[in-house]
Amino acid sequence: MTFNSYEFLFVFLPAVIVIYSLLRKTRFVNWFLSAASLVFYGFAGPIYLVPLLFTCVFDYIIGRLIDPDRRNGYRKPLFILSLVVQLGLLATLKYTGWLAGVVNGAAPWFGLAVSLPALSLILPPGISFYTFHTISYTADIYRAKFKPHNSLIDYVTFVAFFPQLVAGPIARAATLLPQLAAKRPAITWPQAEAATWLIAWGLFKKITLADNFGQLTALIGDRLTPGDVQPGMGLLFAYAFAGQIYCDFSAYTDIARGVAKLFNVELTRNFATPYFAASPTDFWRRWHISLSTWLRDYLYIPLGGERHGRIKTLRNLAITMFLGGLWHGAGFGFVVWGLYHGVLLVAYRVLRIEENIIRFLGRRIGAALAIVLMFHLVCLGWIFFRASDTQVFPAIVSIGALLSGRIMEWPLLRDFGYGLLLYALPLFLTEPFAYRKSKEFVDLYDDWRWPTKALAYILVFYGIVMFGARQQSEFIYFRF
Amino acid sequence: VSSFISAFRPILVAVAVIAGFEATVMAVRRPTDVERSNFLILGYLKPEVGHRLIIYEKLHAFGRSSPDILQIGDSSGFYGVNSELVSRYLGGLRYVNLSCCVHMGFDGYYAVAHFMLRRNPSIKAVVLYVTAFNFIDLDVDNSFAEPLQSSLDSPQSYVMPPSLALRREVTQAVYTLGGRARTSLNANTELDRKLGFIRHHDGWLPEDDIRLSGKALDAHWRLRCGPEHFIRWDDGDGYYSRDLAGGREWRLFGKIARLAQLTAAYDAKLILMVQPLPCPFGGTAVAARVRDLDRLRAAHPNLVVVPADPFYSLPTEMFSSHPHLRIGNETANSQRVALAVAQALDLTVTPLRDAAGGPGANFPIANRNTPLTWSDDRFGEPAWTMDGVRIVRSGGETRITESTSLGWHRAWTHADGVEPNVPYIVSVLVKPDPNRTLWLEVRDTKQPGSYGWTSFDIDAQASVRVGDAIDADIETLPDGWFRCWLSMRFSATSVTMDVMMATKAGIRYGGDGTSSIAIRKVALRPGARLSADQE
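Protein sequence lines, in the order shown, are assigned to chains A and B. The first sequence begins at 63 in the working numbering and counts up by one. The second sequence begins at 12 in the working numbering and counts up by one.
Calculated from the structure, these hints are not laboratory results.
Per label pair, the in silico range of CB-to-CB distance:
#1 A/Phe72 <-> B/Phe241: 50 to 60 Å
#2 A/Asp284 <-> B/Ser133: 41 to 51 Å
#3 A/Pro76 <-> B/Ser14: 19 to 29 Å
#4 B/His62 <-> A/Phe422: 57 to 67 Å
#5 A/Trp472 <-> B/Arg401: 33 to 43 Å
#6 A/Glu536 <-> B/Glu260: 24 to 34 Å
#7 A/Gly289 <-> B/Arg404: 40 to 50 Å
#8 A/Glu417 <-> B/Ala184: 41 to 51 Å
#9 A/Ala430 <-> B/Val181: 30 to 40 Å
Which bits of chain A does chain B cover? Going by a derived footprint, with three or more residues having C-beta under 8 Å, they are:
#10 254-262
#11 276-290
#12 509-519
#13 524-531
In this text, a Cβ means the ideal position worked out from N, Cα and C, and glycines have one as well.
Okay, chain A solo, but in the shape it has when bound (with noise of 0.2 Å):
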């Protein structure tokens, strides 16, 4: 059951809105939150719900062992005991069977003859997001950021909110737990209505924008073969993917926000026009906010940031580059995009390439060029997040055809150009507008007058009854 399909949208949801309603005043709605949140998860597969449930379990235990209030001696090798127990379990589900395939690739060129099984274990869906979500709460209640929480309920709606809990954003404790175990007053009609343009313009952007995206980046994916490189090819499949994982990514967090504002809770924003970044850190602080902020406080602080000298924070910024791209899943082209991230944020320190640009361009021709250099470097690194390993090099020698001058057949450029520009016209109409205001699109909804909201509501229904893929496919990053 996803977010864009009839059962959630007209079953699920208002079915759950309406008990959560009659409920809310008892101390039964979290125990209510807790159990459809549980039975929107089981709808993958009732099995993914045991690591799920274990984890809850396990945390919420280790949370009340390492309280600091209690002066317990075994804090520290508790909290590391949950640290083992959680990622070794995301590693085990997600990593094993792609490990023992490397290893297997692997052990001919060094002349050894390792054969191990090729386990192909059930990967739980979110199980990299729900893992952060509880790592965050031992964390810092370790760190004495954070009291543990009394109820296991309470515990259990914060780690399997269903709005947040397949793909983020990534809630911390502080944030979420709170608001979870408070008595949540009513939504109000204008919370109400600023809920439904929410999951409104993230459905509009999930079907009509990221799925069409998606089809046509396998589409121009099917042309990348090594034996009929079309010059500029790759930079079109590039540009299909940063549209689809834009629009797919920010249409589910704008939906989980929305859905999750319905019960009065406020998650984080995880977007801000991240496209129109001028440098690799700027790219970090608007893309997968939650994430990134979340590697910056428990990963790359915790191995010393920037306090231990320049070669020092250049490692760290690569360890943690490494390991974010790796969170994302079990593949080379993960691991490669999360070091080629790395790479550039390292190179933007250490060569200054954008205040360098503003410094030769001016402020207005610079400025503008960054973004223009650092949009294409994105697209860049999205080639290893999706092309298959067969469609990389040719969609790399693709993009260096293009220095010789060639480029690619008319009518292919005709027909994938003009899909592209179709697709990209509402976020080339909507993302300046955001982008100047230093907000996300949709958080513009509260400063129009009613009659621009009631025109929005028009376009974007007939944009999904018109130009909507009837094809659904499911959202990137339920796979991680």
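Position chain B relative to chain A; hints supplied.
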């Protein structure tokens, strides 16, 4: 209330505008339920799958056609049952053929039946016509079932906005920039022609398989019927599903039972007919399936299985491929269906002279005694017009040799004296060039009129018919010669016949100046199919 209205004013206004527009579309366009569905994908640069379009067209055209008898099932019945013939046999009861094409599965048939029964209380019987391979094969893909159910047979399908009917025009206009730029790949004139035929013939389409000949046909039958030309059909676990209590049940038992319950709910009969197999068969599964069907019949009195032991075979020559009767054989098969319906509904069959079993008047087979209407073996100008080719005669052999020009490479001529609306066979004796294929394009000299062509890939022993071509084939003759033929009906008395050379990529190409085909004789004779009994 006022705070609600104030907060939701944008949504309320938007809903009012949308409702007004939708009501206008409903009133002006009056879309059918099928048009108001999400069944078509209509994606950018994604040509609609032909089968999807055929299903859509059938449901659109016949969704509220008030048939008396509805046929559902796979492509065996789509091609093999001529609805108009069945209707005539049944004395005017309307028989609509909604069988189609592949990958619908029993869930898909259910969705079609449910869609039609809900809208057409006139339906007295539903004929489930399927090939026996549905029962034999374990892996029957039914990927079309889900989109059929969700688009046409689900709760949400009831509340789809009427403006969905405009989606085809709107997407085409946007994808093609109002028709100026060719950015859409959805155009297919041959498919359009077939859809038009289906609309005008109550859902039936004449068999249009790629015609395999010689070694290609042998390979096909070896694949489907085995090297001994005998299907061994033994029962096994794969045919059963298990329930929670550990009991096992034939995996199609529940599917057929569900269809029987559905038809019973609409006071209609379910008639199960199985298309005969194209080769002999036997094994333990045959009796097991007959027993299963007997149990089904006992449990569902409205289920009729005709005949009671529905599995039997017909001569392989009657089939064009394992699930399809070769064109011409649908006449007898339609009679078989009509008799089954009459038996189930206790009706009398109307005898028809021109539609009696066998080829008969509708589908004459030409043999060596059939007189030629016209023939030519000299290929001289001016009777023949050369376009990108020249005639070269040497060593007693005549060759059509292509020029080096870019474009067509063909020779054509006219013949007079054909009788309108009677099938004729155009045949040509050739020795092929390994780098070229042969195309025969035949038409009424005066257009608009009949038009069709067949491409003969002699190397692959495959011929593809397009347009009004009824049947075609490649016959292997001694000394490297082949007879390629196609049959067609004409609307006037003069015919143009065009012999074309082509590459695998197409019919317009840059010639090499040397490729050629040896040609011996072009002939025109009455008949819908050419028997192998020729000179």
